[in-house]
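Using the sequences and the accompanying hints, generate a full structural model.
These protein sequences, in sequence, are chains A and B.
Numbering-wise, the first sequence is residues 1 to 196 according to full-length UniProt numbering.
Numbering-wise, the second sequence is residues 1 to 196 according to full-length UniProt numbering.
Do not take every clue at face value.
One copy or any two copies: either way a pair holds, since identical chains are not told apart in the list.
[Unchecked claim] With a straight-line Cα cutoff of 20 Å, these simulated PhoX-like cross-link-like pairs (lysine-lysine) come out:
#: 1; residue 1: Lys106; residue 2: Lys196
#: 2; residue 1: Lys144; residue 2: Lys72
#: 3; residue 1: Lys160; residue 2: Lys53
#: 4; residue 1: Lys72; residue 2: Lys53
#: 5; residue 1: Lys160; residue 2: Lys144
Everything labelled a hint here was simulated from the structure, so no lab data went into it.
Treat the numbers as computed from the prediction; the structure is a model and nothing was measured.
Listed below, chain by chain, are the residues.
Number of protein chains: 2
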Amino acid sequence: MASTDKPDRESIKSEEAPAAHPRRSNYSSVHVALRFLLFAASVTAVVVMVTAKQTEIVPVPGLPISVPLEAKFSDSPAFLYFISALSVAGLYGILTTLAAISIVLKPAYATRFLLHFALLDVLMLGIVASATGAAGGVAYVGLKGNSHVRWGKVCNVYDKFCQHVGSSIAVALFASVLLVLLTMLSVFSIYRKIPK
Amino acid sequence: MASTDKPDRESIKSEEAPAAHPRRSNYSSVHVALRFLLFAASVTAVVVMVTAKQTEIVPVPGLPISVPLEAKFSDSPAFLYFISALSVAGLYGILTTLAAISIVLKPAYATRFLLHFALLDVLMLGIVASATGAAGGVAYVGLKGNSHVRWGKVCNVYDKFCQHVGSSIAVALFASVLLVLLTMLSVFSIYRKIPK
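Here it is as structure tokens:
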């Protein structure tokens with residue numbers, strides 16, 4: 001049924017806006033590029049966070065001995081949430097890259113795809129932004145400590161661990177910005193299809 | 001210039017989709033309601049967080065004395081970010097409520113308004129979701145502590161403070177969900193204006 005009303009829509013569009021086709025093709029390429037970038041950023045953030053491990057000799061409070069203690073991402077529930085969210089974003093990134101490529105090759109269903117892209121992008125943005133916020137909030141406490149509640153700094157001892165965590169959060173922030181741009185691009189692409 | 005090509009668009013739409021007008025009016029009412037709800041939720045979250053203050057007598061570590069110590073939202077940078085973000089969301093909520101009401105009264109510019117709503121909603125979602133995540137991450141450490149880095153629990157002492165913080169974060173999460181719904185609604189409203 002969709003294939004029968006498609007020629008009508010295409011003919012209406014070509015009558016009303018003859019310049020729409022080449023421009024839409026440009027948007028699609030940007031879509032593919034941004035979505036692949038989202039995939040790459042999410043995977044990078046996950047890998048950098050997972051490889052954040054550091055063992056240091058730290059003194060035991062109240063005793064005159066020191067023991068080796070390992071800092072790893074799984075010590076904090078916020079970092080676990082971060083990894084889950086960014087893994088989902090990576091999977092979403094590669095799947096929608098393939099979908100965006102399919103639009104470039106076969107533009108007939110572009111509008112419907114764009115709608116679903118926009119709706120799903122918004123959901124993913126909520127998940128990735130909150131995960132970045134949660135990891136960032138906890139990492140900031142690790143960096144600066146909080147004297148009011150006697151939470152000590154961690155990053156003066158586990159410097160490499162904190163570098164990994166910080167880089168991972170920065171890349172995730174970039175992924176969030178990409179998702180904002182992708183949603184805006186999808187919305188704008190849909191908006192442009194309304195005949196003026 | 002916008003007013004000259006507006007009658008054309010209206011006439012095209014009424015020929016192609018005679019049932020579009022009453023339905024769009026329904027969407028606008030939902031828009032107004034959801035945006036007012038966003039304003040109310042944001043203001044509630046800010047007020048509940050700002051009023052989260054509790055003074056308790058706590059022992060000083062290493063000394064045989066106890067002193068009164070006040071827990072307040074400004075002790076944590078994550079909570080300050082939370083309050084800034086939700087205040088902006090509240091302001092945005094009331095401004096866009098007024099804009100959505102203006103659309104109900106004068107639907108001529110509805111499409112352009114919807115585009116700007118969708119683009120701005122996405123930005124606000126990123127800000128509110130990350131703020132909720134940051135406050136939630138820090139509050140979770142306060143609730144459960146983290147034995148790996150010797151961050152003690154706070155909520156067993158400052159119970160009322162934590163109740164306020166928890167409620168505020170729950171309301172902010174609701175505001176984030178509202179923003180997701182609002183963006184989806186704007187996108188879908190724009191999509192529906194494409195002639196089938």
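Hint check:
Taking the closest pair of Cα atoms, Lys106 and Lys196 come within 20 Å of each other only across two copies (19 Å); inside a single copy the shortest separation is 25 Å, beyond that limit. Taking the closest pair of Cα atoms, Lys144 and Lys72 come within 20 Å of each other both inside a single copy (18 Å) and across two copies (18 Å). In this homomeric assembly, Lys160 and Lys53 come within 20 Å of each other (Cα to Cα) only inside a single copy, at 8 Å, whereas the closest approach across copies is 37 Å. With identical chains, the CA atoms of Lys72 and Lys53 are at most 20 Å apart within one copy only, with a shortest distance of 5 Å there and 34 Å across copies.
Only within a single protomer do Lys160 and Lys144 lie at most 20 Å apart by alpha-carbon distance; the minimum there is 16 Å, versus 26 Å between protomers.
Hint compliance for this structure: no hint is broken.
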